[in-house]
Amino acid sequence: MARLTLLPRWALAMGVAGLLLITGLAVWLIAARSGGQELAEFEERSLAYARAFADAAAAWIAAGNQEMLAAAANFMLLGSALFVQVSRDGELLADERLPGVSPPELPSGTDQETARLLDLPSGDKYLDIVLPLPLEEGPRGLVHLGLDASWLGAAVRGRILLAVGVGVGIDLLILVALLLVLRRLRPAKAGEGTQPSVELGGLRIYDDGKLVTLFGEPVRLSPKQFTLLRLLASSPGKVFSDREILREVWPDSRYANSKDVKQYVYLVRQRLGKVRPGAEGMIVTVPGFGYKLIPPDEAGLTEC
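The sequence shown runs 18 to 321 under my numbering.
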């Protein structure tokens, strides 16, 4: 589990005062610039905001902290965000949005940052931002944000600039609060202080932290990969059919099929083999019936 260290009150007060000062200066600067330069600065500030969130999201994903990722995405909706999506390996890890907002389709296979000014059905503008997650290893990921830019088309400059300043101030407060929490969180070692939900030789699975270790080394899995391995480990040696796996891993999907099961079995095997060569053999295909999990020792693995 993670340990949280609270900041002193004086540090919080100074931080809030500094943020208010910065927000006030931002409003004054924006008021002094032309409309075109105003848009350019808005894009630059929004990209900086998105990069900071992407850095924090990558750390939470690496630590397996899906709850913090979802909470942060929800927090962003309190500011100027219309929607927040985070995906990895083609799977949405977070998808939060305001009522009535439908984000455009999330692109794939891009390593470039993009920022586009798009129209909402109401005619208002918003800034659509896509940028890659700065992950150190594993499949690529993307962050997709929609930030309200309706103020760009408004006629009353003074009120709109004030609204922008308030929105930016809220965004900064939320972002700084999240980053402070992140910096005060010390990720615990895999399984530290907890008992595994499943222990199969050198394979241990911790339901509370969504952690998997093989001979003490962490196995990085996506949520669905974790659910698949957890299902197979619930009854070692039992053969699970494609239908049983689909019911447990994709309970709400009408489109998942045996090809998805085959693909995710392959991915889990690869993740196990990355930690210990030969561990791919722990998941056995039983032709015509399904898949089963065998203990590491039956797969010829021993702790070094």
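These are calculated hints, taken from the structure and not from any lab test.
Warning: the hint list may mix true and false statements.
Distance ranges between label pairs, derived from CB positions [said to hold, decoys possible]:
{"no.": "1", "residue 1": "253", "residue 2": "227", "range": "16 to 22 Å"}
{"no.": "2", "residue 1": "135", "residue 2": "304", "range": "48 to 54 Å"}
{"no.": "3", "residue 1": "303", "residue 2": "116", "range": "18 to 24 Å"}
When the alpha-carbon atoms are kept at most 16 Å apart in a straight line, the in silico EDC-like pairs for lysine to aspartate or glutamate are as follows [said to hold, decoys possible]:
{"no.": "4", "residue 1": "279", "residue 2": "261"}
{"no.": "5", "residue 1": "241", "residue 2": "277"}
{"no.": "6", "residue 1": "309", "residue 2": "320"}
{"no.": "7", "residue 1": "241", "residue 2": "106"}
For each residue, glycine too, the CB sits at the ideal point set by N, CA and C.
Against the structure, the hints come out as follows:
no.	hint	verdict
1	253 / 227: 16 to 22 Å	20 Å, holds
2	135 / 304: 48 to 54 Å	50 Å, holds
3	303 / 116: 18 to 24 Å	47 Å, violated
4	279 / 261	13 Å, holds
5	241 / 277	11 Å, holds
6	309 / 320	22 Å, violated
7	241 / 106	11 Å, holds
Against the hints set out earlier in the document, violations occur for numbers 3 and 6.
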